[in-house]
Every structure is written in structure tokens, then in C-alpha cells.
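Undergrad: Protein sequence lines, in the order shown, are assigned to chains A and B. First residue of the first sequence: 1, per the numbering used here; consecutive thereafter. First residue of the second sequence: 1, per the numbering used here; consecutive thereafter.
Mixed in with the good hints, there may be bad ones.
Which stretches of chain B does chain A cover? Using the computed rule of at least three CB atoms under 8 Å from a CB of chain A, they are [stated by the list, open to error]:
#1 15-24
#2 30-42
#3 45-52
Just a sample of chain A residues kept apart from chain B, beta carbon distances all over 12 Å, derived [said to hold, decoys possible]:
#4 R26
#5 Q90
#6 R99
#7 I188
#8 G482
#9 V501
#10 G951
#11 R957
#12 S1001
#13 V1047
#14 E1117
#15 T1141
#16 Q1154
#17 N1228
#18 H1306
Listed below are several chain A residues computed to face chain B (Cβ distance under 10 Å; list not exhaustive) [as the list claims (entries may be wrong)]:
#19 L234
#20 F944
#21 L999
#22 H1116
#23 I1317
Think of the hints as simulated: they come from the structure by calculation, not from any bench. Don't be surprised by glycine CBs; every beta carbon is placed ideally from N, CA and C.
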Amino acid sequence: MAGGNATPEARIQTDSDEAFQRLLLRVAAKAAERTDPGSLIQLFCRLAREFFQCGAVCFWRRHEGGELVGEQADGVLAEDFVGLRLLPQQSGILSEVVRSRRTAFANGMRSDTFPAALGFDAHSLMVAPLVVFDEVIGVATFVHDSKNDFFSEDLTAKATVLAGQLGSLLEAARRGEVSREEHRRAEILAEVATALHGSPDVDAVTEALANRLRLLLRTRLVSVLLKREGPFELRAVSAETPQLATSFRARHDRQTIRFAADLAQRAVSAGEAITVSVSSDQHSLGCVVSPGILIAAPFGTARTQGAILVYPRTEGAFTSEEKSLVSAVAGFGAVAMAHAELCSTAQGQVQELHQLLAISAELGSSGDLEHFLQAFVVRASDFLGFDRCFVALLEDDEFRVRHGVVRGKAHCADSIFPEGVATRALRAKEVFWSNDVTQEPGVNQQVIARYEARQLLAVPLLGAAGTVFGMFGVLDRLDGTGISREDVRRARALAAQVSVVMEVAHNLHRSEHNRRRSDVVIELAREIDGLLRLPDFAHKFVERAVELAGARTGGLVLVQDGRFQTVALHRLPPSAQPSLGEHHHPPKISEDDHLPIFSRHDLGDQDHSGQDHSSQASRSSDSAAEDRALHARVEDHALQQRFAQAVSKLAGKSSDTIISGSASDLLGPDLASTLDWPDCVMVRLPGSRGELAGLLCISGRSRPLADDDRDLLEAIAGHAAMALENARLFTRIEQANRHWLEIFDAITDFIVVHDETDKVLRVNRSLAAMIGVAPSELIGVNMRALLALTSEPTLYSCPFCRSMGEENDEFVHPALDRTYLVSTSRVHGASGENLQTIHVLKDITDRREAERRYRELFDNIQEGLFFSTPEGRFVEVNDALVAMLGYATREELLQVDIPTQIYFSPDQRLLHSQAMEEHGHMRNFEATLRRKNGSPIYVLINAFGVYDNFGKLLQIRGLMLDVTGLHTYQSELHRERDFSGKILSNTQSLILVADTAFLISYANRRWYEAGFEQRELLGHPLLELAAPGYVSPLADALQTILSGGQVDNLELQIMRGNGHIGQFSVNLSPMRDEQNNINSIVVVMTDITDSAELRDKLVHAEKMAAVGQLVSGVAHEVNNPLTAILGFADLLLENPDVPETARKDLRVILQEAQRTKTIVQNLLSFARQMPPQRNPVQLNLILRRTIQLRSYDFNSHGVDIVEHLDEDLPDVMGDAHQLQQVFLNILNNAYDAVHEVGRPARIEIMTTKAGNAVEVSFRDNGYGISHPDRIFDPFFTTKEVGKGTGLGLSICYGIVKEHGGEILCHNNTDGQGATFIVRFPAAPHTASLGVAAGVLQK
Amino acid sequence: MTSSAIQQSLLPVLLIEDEPSIMALVSATLERNGYDVVCIESGAEALRLLEKGKFLGVVSDMRTPGGVDGAQVHGWISANRPDLVDKVVIITGDYANEETVSTLRKIGALYLEKPFRVQDLISAVEKTMGKAR
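Make the full structure from the sequences, and use the hints.
TA: Right, dumping it as C-alpha cells:
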């Protein structure tokens, strides 16, 4: 069939495919027309039925819980289908499709398997799911009512596609719908926001809230309830119709509002929107509101709580989104409400502020206090809304009521506001208020009754410094309500406002007052400043001060050169005696410091005029007063002195600037009455450096000093002090001028002053004297005339003006051959602009000469000279130093940094600096410096410091000597000496040098280490060193040396420094001088004491060993005959035939033979070579056991045993039994020695650790040992015959040797008895207790 | 008296000692105590006798001339006449010599140190060789 026409099925298929495409396009086009979902589904069903040519196409909508609801259908039974409900489990195929999300079909249906489908008369059935986002939203069923096998896989695929498309389109439509709704809401919300924010009024806000919410939620009724301080109230209603709103409001009786308020309270408590199901009997609104779900959403501001109640709507319940919407709108409402509240508060406050400002402006404009206070009470009662108002000022610590107002009518008042709770509060700067003063505890009931007061609100008036200066109070509110916090606040604000106004007035007054006073003071200053002479000044000053201070008389005491002096003193003028008729006003400064604005003097017209009068009066009587003052002047020196004394005493007592009191108290009654002073005010005049310059006293003031007066007096005193200082300075300047002239003439340098025309204005005496005329004769002479000094013609008329611009110049006087240093300066003359020229001529001839010599020396000397700074720079060097340090030029050397470039080591430089600091100079300091090429140069530095006036080092000046050659030689010498010295010090030999008289001149260090001291050696005869018996061999040897010989290995015994004798091998050699003469003898000694001792020991040991061998041999030989003797004697004694006499003899033989046997055995045990056992043993234990063995004997014979046993004694490796034998032997020996000697016997036993050895010593106080060197020889005994074999100690010797130890004995140096010493090497390890015990148990 | 006792009593003690006085003392002592004694001066001679003859036991000086000393005699006996090993008494005067002492300890023979007492000798011989009568 390839290439041929399509089969009929294929064509049908193709047609069908095209139809299907069209179908899809039509559905999509329908959807694009924004058709509502119902129409779309309707179209779908119809088109699908036509396309599939089946009986019916139904669309099931899937609801929550999986229930399918018939929505649209086309074809048979379409009407019945709509609204049909089917649970999935009722239809197997439907539930399968929903579960698998796949299209399925069933052909040839049977009633037993498809009961549900058969209801539609279906023969075959296809079911396609509408899947959107993996969820089945509905199902399309295709029913064929005649064919049993109508549906196929192909149709299934198409149905799937078709259902899928329908699903997508439905979803798109749904979303479009949702978004439209969202959009609507958003618009409303935006509108709500705008509407709410546009309304600054709470009512407008609530209305808007209700209206918008109703529209938003499409409900019939929304109400808003608000609660401020009381219960919830209905504030706004929005209803679908005005009739409904009216009806609602009308029905809003008490019960209804309670129901609504309950809901509002519940919402507020919940803090979020709540939903409540309501029925008509609950809300009591009857049929006005339909039953259903109601939303109550809370909202609130800081001041207000509120709730929005959205009543149920007929169109169905509110969704959760709508509920949140209500919450959101409530949020908007809260913000808007807060805004509106804030607005209204602000408006209220603005209004109040305006009122306050108006008041204060009004009050501020009234210039005088009475008007001000009057206006104030009227305004205050009006502003605060009270019936009555009064104001009181604090005068003499009482609140004096000045003005009052009753119901708008002002009146003056003058009474005291009674003290009580209210005033206490006011003084504490607190507001007092009471709604019923009669009930206040502690109030003055009489006063209250008099004023018929009920409510009282009293507020303090506070000054700038925070002090209370008055109060105002209001009585009884006009509206009859209680006094609220608001009232208190407003009253406070008013008080503050008034206070400020009053403060301003006060300050104005004060500044005016200050201005007046400063005028007075300035006038005083002007008057007295012109008076430079002190007495004039003093009187004038006293008069003015008296006048200014409102006093009538006074005096002035000045401190001059530390003494108090009265410079002016006045009595009280008789005509100035106080009289009531006299119209005399001292300048009044202030009456009341607290509230000057209330002083009558300032505010009352009368007082102003009074002051004018007073000043006029004082001016008109000026001359008269002056006369009086002159009369009153005290010229009595005695009285002046008394006054000065009294004042100085007073000044000494108190350091207060101002002291005031009665004159008799302060100055003493006598003086006071003499001067006729009633009172006295004393003011200290400060000097320029704060010291006491003087004291001003005034008297006759009519009233006590106020603070202002004090200020004034201080100011006066300040001016006086300054004027005084001026007067003094003036005197001093005059003196200084005189001095200066004297100095001018006293100066030996020539000084000449001339003007611009070179006319001499002044010359000093020396110049005039040099010229030979009087100074006055030279004045006016042209400087040219002074040319007589010089013969050379000059361009200048003044010979010294040549050096214009230079600081100084030298001028050589040709005739006198003297050099002058001219210094010139120009000054403007005191009289005006004339320029004066001053020349000072200093004779520097000698200095020049000195300089020349110095320079010559500096340049030509061969030693290096330098000036340097302490920081390390050369300031000046001479050529010798430049050459010495290898530099090319001075300039080059001046550039170097001394510490780093010249010194090799910073330490040396530091050392030098320190020397300079400490001593101010350096004497012969050696230093190694660096040449320019880096090579060292050894120099000797001598230097000194140049200091400024403060002792600061400015320069170091000095000289350097090149000692490099010397230094090299010295260091070699030093090295050699050092080398020899080291040899001498480090050699083990003792080296001496003696002169030809055999006196020691040198001893090397070994001597001192060997215990000699320098004073024992140097200068002492060499022969003194030799031990007795060795002097003459040494003397002989010395003689040999003197004759040119050499002596080697001379063995000498020398007394050591510690008194012991030592064995020395001595070499002596002569030492010759340059002329080959013997000038001293070198003695080199080697200590051979130790080796001599060693040699002796060796000899002894060898001897003992030889003896041992000998003994061993002899013993062996003796044994044979001895055996025979003993044996045959035994045999004979056994023989019964031997007679008794022979038997007796035989027994003697036997006995002696036995003795011989013992001797031989002992001999053999001495010579025995058998090694002893080796175990760690504790010698202390062995010693104690040994002592115990003999203790009986010792006790019974009165031998005292003293033990000094070292408890930390190390163990010894050895044979306990043998060691015991040794100790026993020595003890026995000692016992024998002490026993025989007859003095209180005593044996001391001591153990010690000596290095690596353990030492046991036995010291007795017996007769000593006659031959200590032989005592260990066998058979050597000092005991009487038969008492000892002479072998005991030899055996000990043998045993000790076998133990690797040694045994020694010597006679005690104190002459009594002998000491045996046994030494053993200590065991390498301290044996444990167990081991030691084990040994001892053996 | 049994025949064996008679026979035994007939066997002599071999005494090896070069010192005439000791030889005299030992033989006199043993004989007085009922033992027969054959005396020989040299160790080498003694070995020849021991090869041929029968002896009750051997008393030997430690140091004997002829190149064979008491220890060697004992050594020969223990090798060739083990029946006599326990019947050797050694006499020594050289007990100061460590070598001698250690040799004696090693061979384990009973020994007497010179000078010994007659009673010591008799005890030693009776202990090793039995009583003569």
C-alpha cells in the first residue's frame, strides 16, 4: 500500500484528527472571549459530543471530600444530570480515573459492574480527568448508549487532550476571576487608606471605616464602636440603605448596645479579629440583620479602643481572607484614628498656646507691675475658667496678695496669704490644689470661711534661678466640675509664662541698674586716674568713695614697703550728722535683691523724682561738701598712726574683702569716738599681684550693706588699686629714668646719640672724657666734628653710620691704633617722629689680639683640637685633627656624626659623655676612633665643657693626641705579660722569685690557693718556709744558685700556710739581668706530699703482702712437726703404761703445742687470701653489736664508750663477721690501752660519710701508740709477753684490705691516746632494709 | 666375728705421706686402733699399689711427692676404684691456700687440717672405713 491512497480508516482518522484540531481551537477561542466557566463547559460538552458522536458528554465538578457534582452535560438526560451527586466509591471507573489521573473507558457495560453508569443507559463509557496542578478538579464522562465497543485507545487519547485543555482553560478563567476580585479589593483598600488619611477627624474616620468595609465585604451593615474612658459607644454605622441605618440606630437601645459592646470587648481582648455566629434573638436587631457569621475586629490608639462589627451578609459566610481584610482595614483605621486624635490634640494645644502668647504679650506690654498684675489676674481666671483669681508676691518671706479678680472684676488687695499646707507646697515649688479646701487637713478654716473658698488651685511663680518669688491662685471652677490634671497643667504653663515675663522685666531693670552704677564707677575712675601724686589721689579717692558708697566719711590706709600707712583720714563732718530734716539720699542701688522690680523706688513715680532731687541736691552742694571735707581731714600723725594700726590689725584678723560693723567694734571705742565714726566698712584694695595694697574705710552709712553695695565697693576698690598702682608706677618710672642717665654715663664704652641731621643729641661721659671736653659741650655738634677721631675721608657725615644694615662693625682708630666694635641702633625719640641713631663703641683691641693669638695656636698646633656639640657634631676643628682622622678638609670633618662615624663603639662614646656630665671634663681618656678610611686610631682625649647660665652643656672643647704607635707597643707588652701571667697563675707548681738576699719578691697564685697569704710571703726570707731540718739543704741549694748553678728535684718539707708540713720537689734556677748578673732566683716547687704518702702506703702494702706469703710458708712448715708433736703427745697420754709424772710433762707439751697451733692458725688467717663474703652491710649495726659483746667488760671496768654514729651512713659491701672481727680487735686494743693507763677511760666511736667512703674512727685516751707505722706488722705488739700474739691488728689489716678499704692509726694530736680509722668504699646503692636484715640474720 | 669382718680386718689402710713424723704418727695411731697400715711416700707409687692390692681405705696427705697429690689420688680412685671413693681421708696442712681449700671442697672427701689431734684422726677413719674392732 505504499505510495497508494490512504485506507478509508486512515482517511477517517485524518479527518477526525483535523476535526479534533478544530475542536481544540474552538474551545480555546471560546475561552479567549472570557466566557464564564459555565458557558465554556457547556460548549465543551456540546462540541465533544458532536466530535465523538456519542450519546452524552457530562462534566462533573470535583468538590472537597472527593464528591463529584454534575455541573453541565450535553445529550441525553442532560437535565437530570445537573446537580447529580456522586461519591467516588459509587463508581469504580470514576474513582479509578480520579486516583490514577488517567483517562479510562469501558465497553460492553454490565449492570453488575457499572450500576451507576447504567443509570444513564450507557453501553460503553469513557471517563477523562481534568487535571490542574496535579489535582483532579473535575471529570468528563462520555457515554454511548447503543454501541457496546464504541471507545478505543485513540478516542481515549483525544479525550485526555480535550479534558486537559478544558482543565487548563477553567483554571485560567478561575484565576482571572480571582485576580479581578483581588484587584477590586486592592482598589477599595487603597481608597480606604486615602479616605482615612484625608480625615483628621475621628468621626470622619469611623464613618469612612464603616462605609468602606461594608462596600468591601458586600455586606448590608457595618458598625464601629469606640471606648475612651467609659463604656463602648456606637460611633458610626454604615448601612446598605439610609432606612436601614436609621432603623439600626433606632433599635440600638441599651440591650443592643450591650450585645455589640460585648462583641467589641471580646475582640479587643482577643487582640485580633474574631468571628461570631449570631442569630437575630442575640443581637436584638430583629429582621434588620440576617443571622449568620459576624466579624468583630479590634483596633486602638494610645487613647482609644475600638472595634468594627461587620454584620452577616446574605450572600454567604465570610472567608478567612475577608476576615484578615477586616483586620487590615481596622489597622488602617487605628493609624488614621491616632492621626486624627493627634491632630485634634495639637489643635487644642495650638489654641491654648495662642491664648498663652496673647496673655504674655499683653502682660509684657504693660510696663508697670501693678497694671501687669491686674491684667494677669483677669486673664488667668478667664483662661483657666475659674470664678476668682488672685496673685501674691513673696515679700519678707510672706506671700503678699497684690491683686485679685472676682467674676471678671479686678481689685487691688493687700493682705497676707495665710501660711498653711498651700504655702508649704508653694515654697517647695509644687502646685497645690484641692476640690474642697475645707476638707484639707491643717487648713485655716477661718480664712476659708471668710473667702467662702471651695476649690483652690495655687501655683508658684518661679524665677530664672528656680527660686519662688510669688504665686497665684484660682478659686472655684465656673463650670462646677472638679479640678483636672489639665487644669493643673494649664495653670503651670501660665505660671511659667508669667514668670518669664516678670524675669524679663527684672533683667531689664537690673541691667539698667548696672549701667547706672558702672557710669558712677567710670566717673570715679576718670576722676582719680588723673591724679598721679599719691596724697592728692588718696583724699580725692576717699571723698568720692564715701560719696558713692552712700557713706559720710572715710579713710585710706596703704601698705608701703610692708608697713601700713594712713594716707587719708576724715572725721565725720559735723554738718553731715544725720538729721531727719535733711533731705539726703545716698544713691540707692537696690532695696530688694530678690525682686527689684517690686521696689517702690523703681516703680513709683515719686521715687524717680526723688532720686533726681537727690542728685541735684548733691551737685548743688558740691562746694559746701568740699569745705566740710577739708575741715574734717585729720592731719594728726599720731591719730593717723593709730588708725593705721587698728586697720592693719583688723586686716590681719580677717581676709574677707569687705568687713563691716560698728566702728567701736572694729576700730576700738577710743578711736571710734575720736573720729566720731558710728560704723565702719573696710574694703581691701588688691594689688596687681593679688597682695594687699591697702584698705579703704568708710563710715556713716545709713543702712547695712547689701550685696550690691558690696559689689560697688569692690569695684571702687579695684579702681583705686589700679590707680594706686599707676601712681606707684609713675614714681618708679621717674626713678628709673634717673638711674638710666647715671648708667649711661657710667658705661665705659663710648655712646653717642645723634639725630637725622647728624647733630649730636647726647654723649656719655666716657666719650666726652676721651675727647677731652664736657659732655654738654658736644650736644648739638655735628657728627662730622667727631671726625677728629678719624682722618680718613668718608662718604658719610657720621663715621659710624657706615655700617647701616649690619649689626655691628669694627672701627679702627688710626691715631690710637685701637679697634672699636660699633653697634648701632635706631629709635624714635620720645617727642615725636624724629629718628635717633645710637652708636655704642666698644674697645675690642685686646680681644682682637687674643683672638689672633688663639687662631695662630689653633691652626698651627700639631695636636688635634676640636669644639664639638654634646649631640656629636664638630663645630670647629684644626688642620691637625683633620689630618689625624684622615679627612681632606675641615668642612668634610665638620659634616661627620661623631658617635657613629668617629667612635668605634657607642659604649665608649657613652662613657665619655658620662664623664663630661659627671666631672665637666675628660682627662687623658683613651679612645679608639675611626679614620675616614675606617682604620682605627688610638687617641688620648683631654676636654672640658662649656656651659650656659643654666648649667646646660653647650660645647665640648678639647685636644686629641695620636697615641696609635704607643698603643700598639703597649698592647703587645700587655699581651705578653698577660700570657706569662696566665702561665704563672694556671700552673700547678708553686713558683717563687727571691732576690739575692733570699727575700721573696714574687709568689704565684698557687701559693695563695695553698693557704698562704701575701703578707706571709712577700718580703720574707725564703728559708723561713722550710720545715725544721730542711733549712740547711735549702740554704745550700740557694748558695749553689748564686754561684751560677742549677738545682733540680730537691726534696724539701715546707711549712704550709695552715701549719702542716708538706713534701715538695723543688727546682731552683738563677735569673739574670741584662748584664748577665744573677739578680734573682726562681723557685719552682711541686707538691709531692700526696705522692709521698701514696708511696709509703704502697711500700707498706707490699711489705704486708710479703709477710703474708712468708707467714703462709712458715705456718705450713711448722704444721707438720706440730702435728707430730701433738699427735705423739696424744698417743703417749693414751698409753696407760706412761707414769703419771711423765703424763704431767706430756700435758705441758700438749698445752704448748696447742698454743703454737693457735699462733699458726692466726698467722694463716692473716695471710689468708680467701675473699670475704660481699653483702651490703650497715656498719653502725655491726659496731653496736660489737660494742654489746664487750659491754660487760667495759661497764665493769669503768670504760666510757661514746658513740657518734651517723644515722644516714651508707652501706658497705662486706662480710659482716669479718668486719665484726676487725672492730672487736680494734676495740680490744683500745680497751687494753685505756684500761692500763689509769685515767677515766673513754673510747669514742664515730662513723661518718667521707665522700664516697665510710669512715669509722675509734679514739681512745690511752697511752698512745709507740710505733704507729709498725702496728699492723705481724707479731708487733707492745703488750707484755703472753698477753697478745701481735697478730690481731695484722688480721684486721688483712680483712680491711680484702674489703678494698684501709686502716690507719695515729696518736692524737692533743697528746692523749690514739685514733684508729677504718675506711671502706660505700656501697654503690643503699641497700634496702630487707637486704640488710637478711644479712644480719645470718 | 664374722668371716667378712675377719676378712675386712685383714685389709690394710693405705697411707700416703711423705713426712716421716706424720707417717709414723698416723700409722702408729691406726695400728693401735686395730688397723693394718701400708705406708707409701709417693702418690704415684700409691696408685700402683691401688691397682694391684685391696685396701680398706686410703689416708693421704694433700701434698705428696711423685707428681701425684692427694686430690689426684682421689680422682683416680673415683675413676678406677669407686668402691673406695667414700673411704678416703685427706690430710692437709695447706688450708690457708684458697686453691687447696676449693679443691678439697670440690672432691668432697673428708679432710683433716694439720695439726690435728689423734682423736680427730680416729674419728675420721672410723667414720669412713668403719671400726677395726
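Undergrad: Using 10 Å as the Cβ threshold, decide whether A/H1116 counts as touching chain B.
TA: Since chain B brings a Cβ to about 5 Å from A/H1116, closer than 10 Å, the hint holds.
Undergrad: Grab the minimum beta-carbon distance between A/V501 and chain B and tell me whether it stays above 12 Å.
TA: For A/V501, whose nearest Cβ neighbour in chain B is about 139 Å away, the distance exceeds 12 Å, so it holds.
Undergrad: Taking C-beta pairs only, is A/T1141 more than 12 Å away from all of chain B?
TA: A/T1141 clear of chain B: closest Cβ-Cβ about 21 Å, beyond 12 Å.
Undergrad: Take a quick look at A/G951 and tell me if its Cβ sits farther than 12 Å from every Cβ on chain B, holds or violated.
TA: 96 Å, holds
Undergrad: A/G482 clear of chain B by more than 12 Å, beta carbon to beta carbon?
TA: 137 Å, holds
Undergrad: Given as covered by chain A, does the region 45-52 of chain B meet the bar of three residues or more with CB within less than 8 Å?
TA: violated (count 0)
Undergrad: Evaluate the condition: distance from the CB of A/Q1154 to the nearest CB of chain B exceeds 12 Å.
TA: 9 Å, violated
Undergrad: In terms of Cβ atoms, is chain B entirely out of 12 Å range of A/E1117?
TA: A/E1117 not clear of chain B: closest Cβ-Cβ about 8 Å, inside 12 Å.
Undergrad: At 12 Å, judged by beta carbons, does A/S1001 keep clear of chain B as stated?
TA: 62 Å, holds
Undergrad: Determine whether the non-interface label on A/I188 survives the test: each CB of chain B must be over 12 Å from its CB.
TA: 133 Å, holds
Undergrad: Would A/V1047 pass as off the interface with chain B, using Cβ distances and a cut of 12 Å?
TA: 51 Å, holds
Undergrad: Would the hint on A/F944 be counted as holding, given a Cβ-Cβ threshold of 10 Å to chain B?
TA: 93 Å, violated
Going through the hint list in order, the structure does not satisfy hints 2, 3, 14, 16, 19, 20, 21, 23.
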